[in-house]
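Q: Could you put together the complete structure from these sequences and hints?
Chains as they are written, first to last, in my numbering: chain A, 1 to 475; chain B, 1 to 475; chain C, 1 to 475; chain D, 1 to 475.
Honestly, the hints are just simulated from the structure, not real lab data.
None of the values given here were measured: they were computed from a predicted structure.
Check the hints yourself; a few may be wrong.
The list treats identical chains as interchangeable, and a pair is accepted whether it falls inside one copy or across any two copies.
[As the list claims (entries may be wrong)] Computed cross-link-like contacts, SDA-like style, restricted to lysine to any residue with a CA-CA straight-line distance of at most 20 Å:
#1 Lys-344 to Tyr-324
#2 Lys-342 to Ala-61
#3 Lys-344 to His-323
#4 Lys-415 to Pro-314
Number of protein chains: 4
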Amino acid sequence: MLTLDKFHDECGVVAIFAHPEAEKLAYLGLHALQHRGQESAGIVSSDGLNLNQHKAMGLVADIFTEEVLAQLRGSLAIGHTRYSTAGDSALLNAQPIRVQSNKGPIALAHNGNLVNANQIRQRLESQGSIFQTNSDTEVIVHLIALSKEHTLPEAIADALRRVEGAFSLVIMSADRIFAARDPRGFRPLAMGRIPPTEGHTRETIVFASETCAFDLIGAEYLRDVKPGELIVVGPDEITSRFYSTSMAQSSCIFEHVYFSRPDSTVFGRAVQTSRENLGRQLAIESPVEADLVVPVPDSGVTAAMGYSAESGIPFRFALIRNHYVGRTFIEPRQSVRDFGVKLKLNPVRALLEGKRVVLVDDSIVRGTTSQKIVRMIRNAGATEVHMRISCPPTISPCFYGVDTPSKKQLIAANKSVKEIRQYIGADSLAYLSIEGLKKACGDGEKTTYCSACYTGNYPTEIIDVEEILPAGVRR
Amino acid sequence: MLTLDKFHDECGVVAIFAHPEAEKLAYLGLHALQHRGQESAGIVSSDGLNLNQHKAMGLVADIFTEEVLAQLRGSLAIGHTRYSTAGDSALLNAQPIRVQSNKGPIALAHNGNLVNANQIRQRLESQGSIFQTNSDTEVIVHLIALSKEHTLPEAIADALRRVEGAFSLVIMSADRIFAARDPRGFRPLAMGRIPPTEGHTRETIVFASETCAFDLIGAEYLRDVKPGELIVVGPDEITSRFYSTSMAQSSCIFEHVYFSRPDSTVFGRAVQTSRENLGRQLAIESPVEADLVVPVPDSGVTAAMGYSAESGIPFRFALIRNHYVGRTFIEPRQSVRDFGVKLKLNPVRALLEGKRVVLVDDSIVRGTTSQKIVRMIRNAGATEVHMRISCPPTISPCFYGVDTPSKKQLIAANKSVKEIRQYIGADSLAYLSIEGLKKACGDGEKTTYCSACYTGNYPTEIIDVEEILPAGVRR
Amino acid sequence: MLTLDKFHDECGVVAIFAHPEAEKLAYLGLHALQHRGQESAGIVSSDGLNLNQHKAMGLVADIFTEEVLAQLRGSLAIGHTRYSTAGDSALLNAQPIRVQSNKGPIALAHNGNLVNANQIRQRLESQGSIFQTNSDTEVIVHLIALSKEHTLPEAIADALRRVEGAFSLVIMSADRIFAARDPRGFRPLAMGRIPPTEGHTRETIVFASETCAFDLIGAEYLRDVKPGELIVVGPDEITSRFYSTSMAQSSCIFEHVYFSRPDSTVFGRAVQTSRENLGRQLAIESPVEADLVVPVPDSGVTAAMGYSAESGIPFRFALIRNHYVGRTFIEPRQSVRDFGVKLKLNPVRALLEGKRVVLVDDSIVRGTTSQKIVRMIRNAGATEVHMRISCPPTISPCFYGVDTPSKKQLIAANKSVKEIRQYIGADSLAYLSIEGLKKACGDGEKTTYCSACYTGNYPTEIIDVEEILPAGVRR
Amino acid sequence: MLTLDKFHDECGVVAIFAHPEAEKLAYLGLHALQHRGQESAGIVSSDGLNLNQHKAMGLVADIFTEEVLAQLRGSLAIGHTRYSTAGDSALLNAQPIRVQSNKGPIALAHNGNLVNANQIRQRLESQGSIFQTNSDTEVIVHLIALSKEHTLPEAIADALRRVEGAFSLVIMSADRIFAARDPRGFRPLAMGRIPPTEGHTRETIVFASETCAFDLIGAEYLRDVKPGELIVVGPDEITSRFYSTSMAQSSCIFEHVYFSRPDSTVFGRAVQTSRENLGRQLAIESPVEADLVVPVPDSGVTAAMGYSAESGIPFRFALIRNHYVGRTFIEPRQSVRDFGVKLKLNPVRALLEGKRVVLVDDSIVRGTTSQKIVRMIRNAGATEVHMRISCPPTISPCFYGVDTPSKKQLIAANKSVKEIRQYIGADSLAYLSIEGLKKACGDGEKTTYCSACYTGNYPTEIIDVEEILPAGVRR
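A: Following this line, the structure appears as structure tokens:
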């Protein structure tokens with residue numbers, strides 16, 4: 001889903017084992033995961049001997065031309081798409097990371113964020129290791145190479161036991177794919193299969209951050225990689241091991257609130273179901289008398305439909321998105337009021353005139369965009385604007401892979417709900433409760449959630465990531 | 001609105017008079033009109049003496065960089081965005097057309113299609129005129145230059161009396177803007193104003209194909225250019241004349257069904273209103289017992305909401321669009337079933353499983369895409385799929401500026417509704433009636449409509465455009 | 001030959017009749033003529049029915065990719081390469097010009113400059129003709145279309161009788177090639193043939209500005225198109241006519257001094273022969289006691305070898321050219337002395353140290369570059385620098401197709417030879433005499449020359465081209 | 001010098017210490033060294049804290065735009081330009097290499113080739129080091145990081161003692177530049193200075209592969225870095241140490257024969273002097289009665305002038321180079337004979353007709369190009385063609401940084417001189433003797449040479465580099 005630049009998406013990973021066009025399936029998988037990171041993408045494929053890679057800045061569809069894919073032919077492939085920072089270091093930090101090691105060539109793609117990467121890195125550097133990137137992911141590669149274990153699966157398990165934080169990983173050697181999740185299961189990672197067809201007689205195993213990637217490539221969802229699990233897919237067999245003792249699961253609830261596509265199944269649960277429930281629960285907790293429920297497209301749409309269904313207030317698309325918004329737009333010097341929002345959204349006066357409106361969105365970050373949208377709706381003739389947010393106030397940064405703004409920038413970390421209402425100029429404002437959030441997302445059913453961004457209760461002992469990473473570097 | 005490539009959009013035009021950044025307003029106006037043509041765009045501006053132009057293939061946001069706009073600085077500007085054919089002739093035929101003539105430099109942008117361009121061209125060529133493009137629009141420029149009238153307004157009026165068909169035109173000389181519509185008013189053209197501000201002390205007059213362009217640049221809608229009217233906006237005054245006696249108005253109903261954005265006012269009527277009515281009327285005419293109303297995004301959304309509102313059957317987004325679809329996508333050799341549609345749409349199994357679905361779309365052209373979508377919805381678990389189309393069957397090509405496929409390709413010109421239902425695999429299929437269509441769009445209120453594409457009754461004496469234009473050329 | 005940007009080259013034209021890969025031969029021909037114009041190039045080909053074109057800014061090798069050439073497949077083709085101005089008008093004015101007319105589609109490529117284009121254009125515009133470009137060449141196309149003659153050859157002849165000035169033209173219809181030179185024969189145009197081969201059984205006829213284009217495509221030189229001659233090459237026969245009565249021939253002597261490649265035969269004479277003679281004659285007229293003859297590469301090389309041969313003073317490459325000079329180079333703020341020249345040339349100290357040097361160049365335009373080169377040679381240890389120029393002082397602008405600077409900028413139009421010597425800092429300076437120039441180039445043998453740029457005696461009644469052309473427009 | 005693709009050039013390195021625009025001087029230095037590698041280039045600069053880099057495929061002038069250089073602002077910089085292989089690995093292996101290590105950030109640029117890199121790499125990998133590139137250079141970085149020495153100069157010296165082969169290195173930390181040559185001095189590395197100016201009050205120290213880089217940036221040549229020497233340039237002082245005991249010097253004689261620019265001083269000797277001597281010596285050893293001496297441009301020019309001077313036979317440029325040759329040229333299907341050579345060279349018939357020609361070139365690699373040139377000269381009318389080569393037959397590959405073809409491809413490794421003469425179709429053929437070569441280049445004066453490519457006598461104990469490097473990888 002495109003969004004009004006509220007949160008920088010995290011990352012998406014994909015892996016394909018045993019398909020004559022593995023590189024093309026990886027590319028299509030990344031395309032389906034494009035909403036998880038729009039600034040760089042990469043694929044590494046294996047032809048059985050060598051790992052070939054291509055990484056570049058930009059969208060998947062622009063990066064991977066026929067010509068580029070032709071140089072990546074292979075039967076195994078892994079891919080990565082990410083949000084990343086501008087300039088030279090952006091491409092440098094793009095993934096997958098591919099290296100030569102004593103365990104042969106390996107490539108690795110990571111979704112998540114380690115919280116002890118800096119500690120490990122300092123120790124490794126003091127022993128003479130050299131680092132090419134600013135990425136926390138690079139320490140995993142070093143740990144694998146330095147492991148005293150003699151087999152690659154054992155070396156990977158050894159390395160994973162040494163890192164802390166959030167990681168869903170796909171790793172490739174010349175002839176095997178490895179998939180692993182951290183012991184708390186912060187980020188999703190699903191496993192699927194493509195049945196044999198005429199063209200190739202063996203089953204293809206695939207992994208992806210979200211199941212929407214499976215739909216596009218014709219794969220069926222088998223199960224999630226479990227927290228603490230390492231799955232090894234090789235020429236002869238698929239094996240699974242738990243490299244870590246079990247911990248309290250804490251899957252990212254924000255995947256259901258915002259990140260994942262509504263057509264995906266994430267942590268074993270349909271995102272669509274959660275997101276509609278969020279809206280229904282919001283209507284139960286914070287009803288209002290009004291004429292229309294209007295979503296802030298696209299991310300507020302499903303919750304708004306839930307709100308409408310629960311409340312009986314009609315749903316209408318009264319904000320039209322412009323789909324052709326490019327990255328940089330040139331603004332007149334005599335600036336048009338609320339220019340940035342106007343480029344993306346236009347109100348439908350015929351719907352709004354004289355109406356009391358419930359405006360549903362999935363979050364308020366800095367508040368500036370919400371302020372402009374509320375004003376835009378009033379200017380189009382609405383008599384009342386009631387803002388409803390389908391999650392609790394965001395008050396704490398994430399250290400597990402979501403690029404939230406700092407506390408200073410988060411309006412809810414600095415203002416009361418009443419103050420926020422005044423700032424954005426709404427007639428009323430309500431957020432979903434933390435209990436309502438958990439209920440809507442089925443907490444305790446198939447998974448239990450991390451909701452640290454709403455509560456400040458972090459499931460790991462935090463290490464300040466500001467120290468770990470140079471300014472401006474994220475993954 | 002992006003769409004599943006059903007109809008090639010026609011064109012959008014914009015004109016700005018008297019603004020210190022006319023070129024930037026033209027660019028933003030074209031951006032808002034991008035849905036009317038995504039393959040080339042151009043702007044010609046005037047600095048009071050010279051007309052400077054830039055035309056290129058691609059999207060507005062990609063073509064007009066800061067650098068390009070800096071070379072177009074002026075206080076008058078006109079712009080054009082269009083669908084056009086591939087290759088060399090595409091750019092050649094891009095608009096605006098700019099020429100040197102005995103009436104000074106002029107530039108012209110045209111939305112519509114002339115039906116006697118070939119006749120005129122043959123006559124002009126026999127007299128020694130040379131043509132640089134394949135475009136019907138070029139004959140207008142010649143007629144203006146050859147007119148015996150001594151003033152530019154009279155020469156334009158003279159030229160417009162000689163052409164037949166559909167045209168909404170904006171024309172620019174070094175210091176004036178001219179706006180005109182054909183006597184039947186086929187295509188829209190709205191007039192607006194930006195009030196004086198601190199920065200510049202005179203009112204800016206603007207014209208655009210749709211009012212959504214006004215919203216983005218902060219202009220207010222004044223009125224439509226009337227059928228047969230020529231408005232001249234000059235340094236000293238704004239004048240209006242009717243160059244032609246009045247004719248029965250026949251505005252394109254397809255603008256309300258499909259082309260225009262729902263947030264636009266077109267032919268004096270909110271598109272949103274028409275489009276929701278289309279869905280309501282469809283529910284009245286062709287009800288069905290079902291669990292969900294599902295739109296084919298994006299163009300079917302508003303009608304589907306109308307159908308849901310009228311029928312009381314819940315509306316759900318059970319087809320998710322991928323917003324990152326690039327122009328060309330690389331398909332695996334071992335082709336994924338229904339690949340093209342899957343790239344753009346993915347069903348939400350959590351919503352569809354076990355449900356009876358009303359699928360609402362705004363048209364069926366060849367039927368192949370509808371067939372894939374119906375199959376996709378069944379595969380996601382729907383037990384019944386009832387297709388509802390928010391207009392009558394498209395049976396005749398358009399000669400007035402819409403790029404409809406030929407009769408051979410139009411499924412409704414060759415198959416009965418029953419046969420189409422079988423072809424697409426739906427449990428039931430219904431189209432809106434022609435009467436329902438006209439009622440929904442308010443025929444006879446502010447305008448009367450041309451619905452030749454549904455009836456074959458053309459308001460002009462047709463001249464075969466196949467003869468006029470070399471293969472593959474459209475405007 | 002690359003040069004130190006002294007004169008902007010004029011244009012090169014090429015035409016191919018009856019070859020299965022006419023577009024590729026045209027492309028190679030333009031490549032061989034690249035030294036005549038490096039800023040834009042175009043090819044129009046005919047497949048027997050349609051004329052397809054591609055024109056772009058840049059070098060021939062960059063513009064014409066496999067993909068572009070594939071769209072130009074044909075058995076007839078004409079091409080053009082030119083120097084042109086920056087910005088939008090540059091591409092607009094690129095050639096060939098292709099139009100639709102009452103004589104069918106025609107395309108035209110022009111080397112030279114008309115001196116009555118403005119007069120004609122004003123008359124045509126007053127009659128209702130419209131112009132798309134600022135180019136003098138466009139009037140020829142109008143005159144052809146407007147001619148009362150019924151056949152294309154007669155209409156072309158009619159048009160050519162109405163224009164004055166310099167023109168070597170190749171014109172193409174769907175199935176014929178026309179080649180013509182103005183009655184004074186200002187600019188060259190050679191005719192050649194490629195014998196039939198296995199692949200195609202008919203002879204191919206080719207035209208090009210210089211014979212070096214023939215060498216690359218394996219054509220043999222037949223003869224020059226004669227002044228006042230129009231050659232028509234059609235499917236059945238090759239015919240020749242003289243559309244004009246004969247005039248005193250005045251071929252551009254600067255082709256032999258500077259423009260043409262030394263491996264070309266121009267005006268029936270090997271350029272190599274003329275250019276070596278220029279150096280020999282210079283040695284006879286202006287001897288000096290010295291240790292080395294050093295050319296300013298590349299254009300001064302052949303004359304320097306002639307000087308060395310005649311004088312017996314050893315020739316040495318003591319200025320090395322950097323072949324990798326790009327268009328724009330970034331200079332440090334703390335500017336390197338004589339940066340621009342240093343980027344292109346570097347002296348060889350091992351050769352120059354302690355030596356008396358004769359520095360041979362083919363012209364001094366503004367004097368600034370010569371000043372830097374003289375200083376560079378002294379700094380490398382030369383004890384004396386004697387500058388010798390292989391033509392007379394350039395004192396008058398050219399109106400026949402060479403882009404000379406204005407009189408104000410020409411140092412020799414404003415300073416005496418003695419003053420120039422002081423300005424450039426040479427120990428002595430000598431130019432070739434006008435008599436020596438003519439003798440070296442064989443004046444009166446196969447051709448007689450125009451040397452107006454050295455004498456101010458123009459062979460036509462001049463019309464001020466400053467009035468004809470908008471600022472910055474040249475051809 | 002551009003050449004007919006005989007040898008892939010090796011690499012060029014440059015380093016700048018203490019200049020306010022170090023990155024621009026590095027860029028200009030690389031531009032002057034462009035002949036040493038045309039396929040990729042990179043610069044790493046230091047702003048005192050961070051090392052910023054930019055590496056890309058292409059020519060220096062295309063890679064380093066204003067925008068790119070603006071991101072590299074610093075007062076220290078090193079740069080590298082190289083020939084490299086196509087595809088993904090090319091950019092990966094581009095230099096400089098920049099890493100984070102326990103000694104801080106360092107960057108390194110290498111000209112040469114290590115012969116024990118594979119051994120070292122295997123050992124390091126077995127200890128857990130990971131490698132990002134296929135380059136032998138990367139082992140040096142690892143050795144520096146792993147060194148037990150506590151200071152960076154000592155760690156570098158330690159690392160250099162462990163590698164064998166050819167290396168001229170520039171290394172940069174945040175505030176220091178290190179320059180070193182291998183103990184045998186295979187490849188050149190010169191040191192220069194730019195005196196303080198108004199703009200900056202301290203002396204700038206520079207290093208470059210050839211002195212022609214100094215000329216462009218206004219630096220004066222101080223001396224060569226000596227074999228086995230490590231120079232450290234820091235904020236407070238410049239120090240020198242010899243990290244290795246002295247060995248027999250064996251500088252690459254091919255630098256004088258072919259690689260270096262004639263305006264450079266290499267190994268303390270003007271290349272121009274050597275190259276002219278080569279021609280003179282060749283005339284002494286292998287005289288012939290003839291009318292003209294003709295060089296194969298550009299690399300054969302200076303030797304041809306020496307031959308002419310010694311023999312008294314006139315020198316003429318009878319082969320004209322086309323300077324606009326792009327990378328890939330499109331050939332007609334009906335292939336033009338000797339197309340590839342014709343694109344680059346054209347004979348001047350006016351000079352060659354009826355003449356006995358001495359054709360001078362600097363090498364024959366495969367013989368195919370020589371064959372075509374000899375044929376081209378005969379076709380232009382020469383009655384005899386006597387080929388003279390300004391060095392001995394190339395019979396052995398180089399392991400020290402020159403990308404010679406394999407033995408199978410080297411014609412002189414497989415055929416006698418008589419057979420080669422027959423193959424290329426010359427009337428006579430002579431190579432320079434090994435003694436003549438050494439004499440011409442001043443062997444034993446300021447340096448002694450490695451001439452292994454002509455003799456097969458390698459100065460190091462060779463390790464088969466085929467094993468070291470994956471196919472297609474060179475540096």
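Q: Name the hints, by number, that the structure is in violation of.
A: 4
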